[in-house]
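The listed protein sequences derive, respectively, from chains H and Y. Sequential numbering from 1 applies to the first sequence in the numbering used here. Sequential numbering from 1001 applies to the second sequence in the numbering used here.
Don't read these hints as lab results, they were simulated from the structure. Honestly, I wouldn't trust all of these hints.
Simulated DEER-style distance windows between Cβ atoms [as the list claims (entries may be wrong)]: (1) H:R2 to Y:R1219: 19 to 29 Å; (2) H:E33 to Y:V1173: 45 to 55 Å; (3) H:V104 to Y:I1208: 32 to 42 Å; (4) Y:R1261 to H:R69: 28 to 38 Å; (5) Y:R1291 to H:G23: 46 to 56 Å; (6) Y:R1301 to H:V133: 54 to 64 Å; (7) H:P32 to Y:N1146: 40 to 50 Å; (8) Y:N1146 to H:A70: 45 to 55 Å; (9) H:E87 to Y:D1275: 25 to 35 Å; (10) H:P32 to Y:T1217: 44 to 54 Å.
Glycine included, every Cβ here is placed at the ideal spot set by N, Cα and C.
Residues per chain, in single letters:
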Amino acid sequence: MRIGVLALQGGVREHRAALEAVGAAVTEVRRPEDLGGLDGIVLPGGESTTLSMLLESSGLFEPLSVAVRAGLPAFGTCAGMILLADEVEDGRPDQRSFGALQVVVRRNGYGRQRYSFERDLDAKGLEAALHEVPEAPEAARPEMATLPAVFIRAPVVVGTGPEIEVLVALPDHASDDPAGVGGPVAVRQGNVLATTFHPELTGDRRLHRLFVSMASTRAPSGR
Amino acid sequence: MTPGSMGFMAFQPDPARATGTFTVKRGLADMLRGGVIMDVVDAEQAKIAEDAGAVSVMALERVPADIRREGGVARMSDPALIEGIQQAVTIPVMAKARIGHFAEAQVLEALGVDYIDESEVLTPADEAHHIDKWAFTVPFVCGATNLGEALRRISEGAAMIRSKGEAGTGNIVEAVRHLRSILGDIRKVTQADSAELYAWAKQLAAPIELVREIAETGRLPVPLFCAGGIATPADTSLVMQLGAEAVFVGSAIFKSDDPARRARAIVEATTHFADADHVAKVSRGLGAAMRGEELTELSERLADRGW
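Bound-form chain H, shown alone:
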């Protein structure tokens, strides 16, 4: 099982550590040649404007976009989710995304850094998804009712299409106030998994384990 981590900018090291902790081998991806032989790709957090620019200049945008839409399992966190989205609000006009996930996301949906936050979320949907996959023997795990989540200038999912399965949601306290807005924060569509928060910044490896199992039981076709 070999997973690539897009290593142009952002939180690469933590994803690498999380993937290795759940038994995957990791390749850092900076050039099109690095895409060969991958069973899945992680798109980390970072600045989405910078990432989309560097994807173009490194020649990775087209091959990666084609591969993900053709079914290469992909896991995007924060800026990585923005790269996967069908539609991006409040982005730059020249900012491109893969269109591999039926969501509309709003960049910096909670506002500036002072609104960035940590919060425990209800993990029922995630636990249900984990129950569908065969448990690897080395990954015996305690079931936990909550999932710790870290939101850093995070995007907000403002719309979802029919194929989107919401795994984790943030309770809505005041949809007109950045400090209260809720909605889907972890979603899945076929081989694509995405979170608006940063699971790699906590010690909880359940989302990485789910992704690695998605990559090992890769569905026959993507979207």
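Since chain H is already given, all that's left is putting chain Y on it; use the hints.
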């Protein structure tokens, strides 16, 4: 009285959310790794920086090269200027406060800046104390010339450290000295036995808990970026290979012949720092870099500010 953060006390509709935690502060620094933070003095420069792929901009009134040339007291920027830059770009906006000037920091927090740089580039406001950065929701970055200084800033609550270098000179030699000092001492601490760690804590004038953490992990507990003297794509490749995790570029971009191209080239070289072919490609035909300063010709070292 403890000087607290009085700028931002918003009503929290979702009481389960914890804002301003160290994880949240450090998390933004983590997401800037591998990127370039560029000094800008107005909205137009901020747009150029964002267009070139900057991960963040530092809003200030004068770039360090001009502060050095013009002299006088260098202070926090005009809030109107910072707000203009915040409106012009979607990437995080940082701004500088004077060392120890917690009231300037409170103002910057109230403006909603994403990171505060408690910076030796501005004229210090306190000759003995840095800001108590734990009292704030907004994260802080601080400069350091050696490991002890870095750990003292972290113990005060800094969530990102940048090696100081010598700002406004376009001369990389001090940045290299400071990076080598910090990273070299980290390597030595990892070789120390448990008794020697106490001697290290004394020598570094830093808390033993942080020294122990470094001995275990082999790295600072927060990201280490590099600042002060980066002028070319090869400069950024050099400091990234030495172990910096991202770079601040000050005067070098907007004091060069072709700011947009140079900015873009430095962004590319920061990502592909280990690929000399790529650094060569982006270094071609950039026009003149900033003229730069020989260190022996300087009347004052900004890096000596801070304690």
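Evaluation of the provided hints:
For R2 of chain H and R1219 of chain Y, the Cβ-Cβ distance of about 26 Å falls inside the hinted range of 19 to 29 Å, so the restraint holds. The beta-carbon spacing between E33 of chain H and V1173 of chain Y, approximately 36 Å, falls outside the hinted interval of 45 to 55 Å. Taken as a hint, the range 32 to 42 Å is violated for the pair V104 of chain H and I1208 of chain Y, whose Cβ atoms sit roughly 50 Å apart. Hint check: R1261 of chain Y to R69 of chain H, Cβ distance near 33 Å, so the stated range 28 to 38 Å holds.
For the hinted restraint 46 to 56 Å between R1291 of chain Y and G23 of chain H, the CB-CB distance of approximately 54 Å keeps it satisfied. Between R1301 of chain Y and V133 of chain H the C-beta distance comes to about 59 Å, which sits within the given range of 54 to 64 Å. Taking the beta carbon of each, P32 of chain H and N1146 of chain Y are about 41 Å apart, inside 40 to 50 Å as hinted. In this structure the hint that N1146 of chain Y and A70 of chain H lie 45 to 55 Å apart at CB holds, the actual value being about 51 Å.
The beta-carbon spacing between E87 of chain H and D1275 of chain Y, approximately 33 Å, falls within the hinted interval of 25 to 35 Å. Checking the proposed 44 to 54 Å range against P32 of chain H and T1217 of chain Y shows it is violated: the Cβ atoms sit about 34 Å from each other.
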